[in-house]
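Colleague: In order, the protein sequence lines correspond to chains B and C. Mapping of the first sequence onto our numbering: residues 1 to 126, in sequence order. Mapping of the second sequence onto our numbering: residues 1 to 317, in sequence order.
If you are wondering where the hints come from, they were derived from the structure by calculation, not from laboratory data. Backbone N, C-alpha and C fix where the C-beta goes; we use that ideal spot for every residue, glycine too. There is no bait here: all hints are sound.
Capping the alpha-carbon separation at 30 Å, the derived lysine-lysine pairs in DSBU-like fashion look like this:
(1) Lys27/B x Lys124/C
(2) Lys80/C x Lys99/B
(3) Lys116/B x Lys131/C
(4) Lys22/B x Lys131/C
(5) Lys108/B x Lys142/C
Which bits of chain C does chain B cover? Going by a derived footprint, with three or more residues having C-beta under 8 Å, they are:
(6) 70 to 81
(7) 86 to 98
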Amino acid sequence: MKILIVDDEQDVETLFVQKFRKEIKSKVLEVMFAFSGEEALRLLGAEGSPEVVYVFSDINMPGMTGLELLEKIKSRFSHIQVSMISAYGDRDNYEKAIKSGAKGFFSKPVDFESLKQEIAELLTNK
Amino acid sequence: MKPEKETMSTSELISKITELEEHIGRLTKQAKSDVSKLKDEQNRADEAVNDLKLIQQKLLQQEKLASLGQLTAGIAHEIKNPLNFVNNFSELSMDFIQEIEEELDKLNDSPEKENILELLSDVKSNLHKIKHHGSRADSIVKSMLMHSRGGTGTMAPTNLNDLIREYVNLAFHGMRANKNPINVDIRLELDESLPKINLNAEDFSRVILNLSKNAFDAMRDKIAAKGDTYKSILAVQTQDLGDKVLIVVEDNGPGVPDEIRDKLLMPFFTTKKRTEGTGLGLSITHEIIKTHEGTLEIESEMDQYTRFKITLPKSTT
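Use the sequences and the hints to build the structure in full.
Modeller: In structure tokens:
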């Protein structure tokens, strides 16, 4: 299963790769990274019908925000699940995200256990 | 007045003079009262100008505080992100070391293995320290954000006594479940005839929690100093004061020295040991009370009591 993480902080990649080390090593999970909303769309678009089934995106990023990315993904690739990850755990962003079709909303610091659970659920439902 | 004749009798003259004198007297009196009226007016004008100046200063202060608050929130957010990395990576590395140790267990014993395990245990303890201090910084940042942003709840008519019962209890059990629990006699003297008070329950519950927690911490110190002869008591009272309600949170702990009483409400001021307090509890408490248009007073006598008196208006806008 392929997932895409979108965050402008580059160290997020290292963090995710290390956190999901076992899953990645055993090829249960394939993780892609994009450091902006624009790059994320490029990556998804390049694949034609993308294999990515789940996108986790930060909300506050320079350029396209995570919420804008969410709407674009939902309109172009409706089968892809999208969840938001934000340091600003406020109700406003939460409501906007859920309204635009986000599956979940994780606030930073990311609770990797709940994230793992979310991904495990996807794997079993596959 | 009639035209005066050249010849006037003495008595006539005297009566005329008296009349004139009386007239002058009346005028003088009038003038004096006019002057005093003018002085009154001037005083009132002066007072109004003074009030205006005070309000202006207050506004300026509030504006400064508001922008300071925004700045704090901004800084706190900027610090939060790198701090999350510090905490996450240290935690992750601890997990890895755990795994390494498990793998090493499968290898044959040797002096080299012994040495590696020893070093790993040091690295693990260092990572624990990084995580511990990172979490400390994180809790400070969180408090700062809470400070500048305030809660998210809304003002609603609330049963103050119920809120106090719930949160004093919560503070007590929280303290009992944590490090160094102490025995405390909790005495609630709540005026059950209180009407519902308009307040932000989410925020105000923090006031009760903070004050209770402070009392427990202070009394713990006294227990450490005095031993079993001292019985710690936390008393919480509510009272109807007509247009206001009074909440008193009193402990019989060590008391607050005069010289630091004024500093208690300042952000980052703390008497607690380095890692135990953020120094923001009371300043947040004060902030919340102010947003409820209430007041906070601190009374204390060394070795006798510390008393926090909160007044809240019955109806806030």
